[in-house]
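Trainee: Sequence:
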Amino acid sequence: MKLAISNIAWAPEDASTVYRLMHDRGVQGLEIAPALAFPGEDDPFVPSLSALRAFRAELAAFDISAISVQSLLFGVTGARLFGDLEEQRQFHAAMMRAIGFAERLEIGNLVFGSPANRCYPESLSEQQATGYAIDVFRDLGNAALKGGATLSIEPNPAAYGTNFLTTVSAAARFVNEIGHPGIGLNFDIGAAIMNGETDIGALAAASGNRVTHTHLSEPQLAPAPADVGRTREVVTALSKSGYDGWFSIEMRRPAEGGLAIVDAALGRGVEAISSMRSLHDA
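For the sequence shown, position 108 matches number 108 in our numbering, and the numbering has no gaps at all.
Where hints are given, some of them may not hold.
Here are the simulated lysine to any residue pairs, SDA-like style, with alpha carbons at most 25 Å apart [to be verified]:
| id | residue 1 | residue 2 |
| --- | --- | --- |
| 1 | 146 | 167 |
| 2 | 146 | 181 |
| 3 | 2 | 161 |
| 4 | 240 | 67 |
| 5 | 240 | 263 |
| 6 | 146 | 131 |
| 7 | 2 | 65 |
| 8 | 2 | 271 |
| 9 | 240 | 230 |
| 10 | 146 | 208 |
| 11 | 2 | 274 |
| 12 | 240 | 197 |
| 13 | 2 | 49 |
| 14 | 2 | 16 |
| 15 | 2 | 12 |
| 16 | 2 | 220 |
| 17 | 146 | 49 |
| 18 | 2 | 163 |
| 19 | 2 | 199 |
| 20 | 240 | 167 |
| 21 | 2 | 162 |
| 22 | 2 | 52 |
| 23 | 146 | 222 |
| 24 | 2 | 240 |
| 25 | 240 | 173 |
| 26 | 146 | 220 |
| 27 | 2 | 55 |
| 28 | 2 | 159 |
Source of the hints: derived by calculation from the structure; they are not laboratory data. Small disclaimer: the values here were computed from a predicted structure and weren't measured.
Make a model of the complete structure from these sequences and hints.
Mentor: Shown next as structure tokens:
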């Protein structure tokens, strides 16, 4: 069962408790925002050897593996995909730092969201922005592939503060245009819902051969998955299209209910993913 959950759903001090909940439910994948995985480090993207060893040992104790990295530009200032020359340099350096982090931890996937860092200016058309970004991500795809990882492009709705690749369909087209083995699509259910891409099962089936990671999410990162039936439809469609990657629960830390909300989300995720077992056993 390739079910994971992102550590943005809890406070760092609650990590051990959540790992126990994951273990009890048979959830073996962890997606990490580095700043939450290594909160005591001066630079969480370059953790000390002792911090790295402690992190790995704790995950191993609960039979958990770190399978994806997100929040790639957290804490970085002045980094913009479509900025001036210095901002572009900062963007490239920060992305390379994240790729290096994933390589060091032997994590095979990175999710590129960072909506505020990827807005294109009015001086560029969407076509011009896309053409430029294709060149940038082919270069980053080379670096990711060399480090043993895939960079998964995440659609971010306009409500999250961007104007570039705001729908699953647009992100899928972008990935297809890049045509690089180091670049894939992060299929984000919450983004599809927010953008009114209503036939999510059909969208998943159409995107399947480009999908390299999947977020089981809800609009505004509410507790997820909220609808087991809808999630099962996506899981089934992607699985039938040949997708064999991870399904990662992505939700923000609950304002109320705490870890009980997280545990309930894990339970719904397990229920939804169980359909993939049945599909493979058929």
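Trainee: Evaluate each hint against the coordinates.
Mentor: Going through the hints against the structure:
no.: 1; hint: 146 to 167; result: 29 Å, violated
no.: 2; hint: 146 to 181; result: 11 Å, holds
no.: 3; hint: 2 to 161; result: 31 Å, violated
no.: 4; hint: 240 to 67; result: 22 Å, holds
no.: 5; hint: 240 to 263; result: 28 Å, violated
no.: 6; hint: 146 to 131; result: 23 Å, holds
no.: 7; hint: 2 to 65; result: 11 Å, holds
no.: 8; hint: 2 to 271; result: 12 Å, holds
no.: 9; hint: 240 to 230; result: 16 Å, holds
no.: 10; hint: 146 to 208; result: 24 Å, holds
no.: 11; hint: 2 to 274; result: 10 Å, holds
no.: 12; hint: 240 to 197; result: 20 Å, holds
no.: 13; hint: 2 to 49; result: 28 Å, violated
no.: 14; hint: 2 to 16; result: 20 Å, holds
no.: 15; hint: 2 to 12; result: 23 Å, holds
no.: 16; hint: 2 to 220; result: 24 Å, holds
no.: 17; hint: 146 to 49; result: 22 Å, holds
no.: 18; hint: 2 to 163; result: 32 Å, violated
no.: 19; hint: 2 to 199; result: 24 Å, holds
no.: 20; hint: 240 to 167; result: 22 Å, holds
no.: 21; hint: 2 to 162; result: 30 Å, violated
no.: 22; hint: 2 to 52; result: 24 Å, holds
no.: 23; hint: 146 to 222; result: 35 Å, violated
no.: 24; hint: 2 to 240; result: 15 Å, holds
no.: 25; hint: 240 to 173; result: 20 Å, holds
no.: 26; hint: 146 to 220; result: 34 Å, violated
no.: 27; hint: 2 to 55; result: 21 Å, holds
no.: 28; hint: 2 to 159; result: 30 Å, violated
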